[in-house]
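Visitor: First to last, the protein sequences are chains A and B.
Take the first sequence: its position 288, counted from the start at 1, is 288 in the numbering used here, and no numbers get skipped.
Here the numbering used here runs 1000 ahead of the position in the second sequence, where the first position is 1.
Since the hints were derived computationally from the structure, they do not count as laboratory data.
Do not rely on the hints blindly, as some may be mistaken.
As the list claims (entries may be wrong) - Looking from chain A toward chain B, a few residues come up when the C-beta cut is under 8 Å (computed):
hint	residue
1	Leu171
2	Leu175
3	Ser189
4	Ser263
5	Ile292
Stated by the list, open to error - Listed below are the simulated DSSO-like cross-link pairs for lysine-lysine, each with C-alpha atoms no more than 30 Å apart in a straight line:
hint	chain 1	residue 1	chain 2	residue 2
6	A	Lys81	B	Lys1245
7	A	Lys283	B	Lys1228
8	B	Lys1216	A	Lys283
9	B	Lys1216	A	Lys303
10	A	Lys218	B	Lys1243
Yeah, the Cβ is synthetic: ideal placement off N, Cα and C, and Gly gets one too.
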Amino acid sequence: MSKILVIAEHLDGKLNGSTARAVSAAAAAKPDAIDVIVLSDAPDAIAAEAAKIDGVTKVLAVARAENAHALAAVIAPQVAKAAAGYTHVFAPSTTFGKDLAPRVAALLGVSQVSDVMTVEGPHSFKRPIYAGNAIVTVEVDAGSTVVATIRTASWPAAASTGNAQVEALSLDVALPSHTRFVNLQQGKSDRPDLQGAPKVVSGGRGVGSKENFEIIYKFADKIGAAVGASRAAVDAGYVPNEMQVGQTGKIIAPELYIAVGISGAIQHLTGIKDAGTIVAINKDGEAPIFEIADIGLVGDLFKILPELEAALG
Amino acid sequence: MKILVGYKRVVDYNVRIQVKPDGTGVVTDGVKLSANPFDDIALEEALRLREKGVAEEVIVVGIGPADLTAHLRNGLAMGANRAIHVQTADAVSPLTAARTFLKLVEKEQPGLVILGKQAIDDDANQTGQMLAALWDRPQATFASKVEIADGKATVTREVDAGLETIEADLPAVVTTDLRLNEPRFIKLPDIMKAKSKPIDVIELGSLGVDAADHIKTTHFAAPPKRSKGVMVNDAAELVAALKQKGLL
Chain A
1 MSKILVIAEH LDGKLNGSTA RAVSAAAAAK PDAIDVIVLS DAPDAIAAEA AKIDGVTKVL
61 AVARAENAHA LAAVIAPQVA KAAAGYTHVF APSTTFGKDL APRVAALLGV SQVSDVMTVE
121 GPHSFKRPIY AGNAIVTVEV DAGSTVVATI RTASWPAAAS TGNAQVEALS LDVALPSHTR
181 FVNLQQGKSD RPDLQGAPKV VSGGRGVGSK ENFEIIYKFA DKIGAAVGAS RAAVDAGYVP
241 NEMQVGQTGK IIAPELYIAV GISGAIQHLT GIKDAGTIVA INKDGEAPIF EIADIGLVGD
301 LFKILPELEA ALG
Chain B
1001 MKILVGYKRV VDYNVRIQVK PDGTGVVTDG VKLSANPFDD IALEEALRLR EKGVAEEVIV
1061 VGIGPADLTA HLRNGLAMGA NRAIHVQTAD AVSPLTAART FLKLVEKEQP GLVILGKQAI
1121 DDDANQTGQM LAALWDRPQA TFASKVEIAD GKATVTREVD AGLETIEADL PAVVTTDLRL
1181 NEPRFIKLPD IMKAKSKPID VIELGSLGVD AADHIKTTHF AAPPKRSKGV MVNDAAELVA
1241 ALKQKGLL
């Protein structure tokens, strides 16, 4: 009998879409129950959203002032305590889950399976290593709790037509005060979220400057796409860090990915391998991005992007 | 204070990884090995803190087989004061690595432990968080800025939503992200100097670490390949191709 506890990710009172993806992975293990735990200072609205995710048995809402910000040192002891009675603990493989889940695993005295792509069985999983250049099958001992992060790009979000019950959960755990939240500088954008958008336009070093990146934003807005970037573009200061796509940035799986002025380092390609259709626009016809692109166009991006906009009317 | 730095040796990031045809692993024979790039960043940060007078001693730690010495010498050449080589013939899991670090932390009493956020071989991204949990101390993962003052670390972290700043009482564990710094290059005279710096060799078995692994890797496979697509000649053809696929 297996029971899976999924840790909900949320920010500013809203549930993050990665949670429903983690629930999809949980459902693939065919457990007897999938419970979602929401830890927040004000969990009610978030828990109500989580209750709608298909496949969820019940939602556990943990309300505590210390949970106002997702500090791993504060959240982990609560999750570890709540994990009693569960065979599995899943978190999305986002910066939230990557920060938190290993701390939970260590408190439970177990190793962690990172970035689950495929669930082969309740204790058997596939995950990428070497920037996705090898895929390994791992088996977790049947007797130990499975703590895993879920590679969100590999899983669709479970639908939200469910109606699970929400229970308040009180956990008697002393929490540390040695780690404190100071602030969060969020990139304010009206564009779709990079991690969930069906269309993404990314720019690379070829864009040349922060000012030139306007041409990428303009084209993305024309087709309603989210905007991403290669590491080179982030390192050069053209765009902020949260836009980085790749091995150490965001791993995404949009239906359409348009790479503009991106040569296609292995580390970048890792982040887009699961995209439906990859389009590459680059002036260098020998760029590695063309080896994996479904549609390639060699040429000057500053000429091509306005032409594309014109062609779209 | 002392700073302990994790310094893992991995397959160089420029190597194109090949999976063995029998699925038992990846080809590592004759492949170039280098320091994990995130660990070079960790070491660089520790050296800068020492240069600022925040720390007195920087210790690089490696866990691995007997031939890890040459790799640790690189860390000493970059500027670490000394090295600790925890010797084991077997690859260790992140949990075992964290438990090993905990033993060294208990012995060395560092004010700060800096590790790479992930190693680019197993891409696990676990050891720092696990060490912080076992040590019951703060963690500041994915750091892009670290400031130490008044017994506290103020760390800016690269998170999905943007940049988060947290404050952590020392001692603490920091894991590095790419933009924390640019590691220095090793100069020839430093390689000579490094030869006289001490490397303590400790057998993993002598530390009393529980090295049991709950997770076994049973098979390695090459990733599914994306096939090479088509080239179009201009913007109009691209739009037509995307419209045909129903994407625009």
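Visitor: Regarding the hint that isoleucine 292 of chain A lies at the interface with chain B, is the smallest CB-CB distance below 8 Å?
Guide: With a closest approach of 5 Å, the isoleucine 292 of chain A hint holds.
Visitor: Return the status of the interface hint for leucine 175 of chain A: holds when the least beta-carbon distance to chain B is below 8 Å, violated otherwise.
Guide: 12 Å, violated
Visitor: Please check whether leucine 171 of chain A passes as an interface residue: C-beta within 8 Å of a C-beta belonging to chain B.
Guide: Constraint on leucine 171 of chain A not satisfied, violated at 17 Å.
Visitor: Are the Cα positions of lysine 1216 of chain B and lysine 283 of chain A separated by 30 Å at most?
Guide: 45 Å, violated
Visitor: Is the interface hint for serine 263 of chain A satisfied, with its Cβ closer than 8 Å to some Cβ of chain B?
Guide: Result: violated, 14 Å to nearest chain B Cβ.
Visitor: Given the hint that lysine 81 of chain A pairs with lysine 1245 of chain B, does the C-alpha gap stay at or below 30 Å?
Guide: 49 Å, violated
Visitor: Taking the least C-beta to C-beta distance, is serine 189 of chain A closer than 8 Å to chain B?
Guide: 10 Å, violated
Visitor: Hinted pair, alpha-carbon criterion (30 Å max): lysine 218 of chain A, lysine 1243 of chain B. Please report holds or violated.
Guide: Holds, at roughly 20 Å.
Visitor: Given the hint that lysine 283 of chain A pairs with lysine 1228 of chain B, test it: the Cα-Cα distance must not exceed 30 Å.
Guide: 18 Å, holds
Visitor: Taking only the CA atoms, is the gap from lysine 1216 of chain B to lysine 303 of chain A under or equal to 30 Å?
Guide: 52 Å, violated
Hints 1, 2, 3, 4, 6, 8, 9 from the list above are not met by this structure, while the remaining hints are.
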